[in-house]
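Trainee: Model the placement of chain Y on the given structure of chain W, informed by the hints.
What follows is each chain in one-letter form.
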Amino acid sequence: DAGVTQSPTHLIKTRGQQVTLRCSPKSGHDTVSWYQQALGQGPQFIFQYYEEEERQRGNFPDRFSGHQFPNYSSELNVNALLLGDSALYLCASSLAGLGSYGYTFGSGTRLTVV
Amino acid sequence: QKEVEQNSGPLSVPEGAIASLNCTYSDRVSQSFFWYRQYSGKSPELIMSIYSNGDKEDGRFTAQLNKASQYVSLLIRDSQPSDSATYLCAVRSSNTGKLIFGQGTTLQVKP
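The listed protein sequences derive, respectively, from chains W and Y. When the letters of the first sequence are read in order and numbered with our numbering, they come out as residues 1 to 114. When the letters of the second sequence are read in order and numbered with our numbering, they come out as residues 1 to 111.
To be clear, the hints were calculated from the coordinates, so they are not data collected in a lab. Quick reminder that beta carbons are idealized off the backbone N, C-alpha and C, glycines included. Among the hints, a few may not be true.
Facing chain Y, a subset of chain W residues (Cβ under 10 Å, in silico) [as the list claims (entries may be wrong)]:
1. 4
2. 7
3. 8
4. 42
5. 43
6. 92
Extracted from the complex, chain W is given alone in its bound form:
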């Protein structure tokens, strides 16, 4: 049973560039949530996708956008990168209606903006 898969594992980008991160949810899961975790902090909720639509959004600027595909996989896009965007980006999957069972996290993408 495949868990949550994220790619790439590490990424270095220059300020002002754009980046796309990818996530494949755990088999059987249909909901994908994205989190940003800065060093020494807890994960911060970016947004959640279900049925190919953004259902919930955290306090992140419009530079952060996403997409969910019919196979439930998802992408996180960040435009006009800032140094402060350097963080571990985590994808978590769950089954709609059963989110009370908790989310399963991928191994994350470490983004460094220089």
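Mentor: What follows is chain Y alone, placed relative to chain W:
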């Protein structure tokens, strides 16, 4: 006020002792509560979930929930050096469905 609050620590306990980790939350309609363990450089791993007031035990771990006080805790009995990690408290609101995390408490278990 933060939605989910934890003492960042570090909390240091000797091997074999009981480690007690605490968390408070602000959203009264929260229904689901989780404890995740995160080793340095790794992603969070779910270790306990609790939905009703009272205690829930799983091996060396016990989660405690008091909705009236908006308080949830995690006890780790017979702490081992391998338990050294950051423990994240997460709360899911039934209104929004979002899973909100605290900043985590770093636990150090010393041999």
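Trainee: Take the shortest C-beta to C-beta distance between residue 42 of chain W and chain Y; is it under 10 Å?
Mentor: holds (4 Å)
Trainee: Does the closest beta carbon of chain Y sit nearer than 10 Å to the beta carbon of residue 4 of chain W?
Mentor: holds (9 Å)
Trainee: Checking hints one by one. Is residue 7 of chain W an interface residue toward chain Y, by the C-beta closer than 10 Å rule?
Mentor: violated (14 Å)
Trainee: Take the shortest C-beta to C-beta distance between residue 43 of chain W and chain Y; is it under 10 Å?
Mentor: holds (5 Å)
Trainee: Given a cut of 10 Å on the nearest C-beta pair, is the interface hint for residue 8 of chain W held or broken against chain Y?
Mentor: violated (15 Å)
Trainee: Hint validation: residue 92 of chain W versus chain Y, beta carbon distance must be below 10 Å. Holds or violated?
Mentor: For residue 92 of chain W, the interface hint holds, since the closest Cβ of chain Y sits about 7 Å away, which is under 10 Å.
When the structure is compared with the earlier hints, violations turn up for hints 2 and 3 and for no others.
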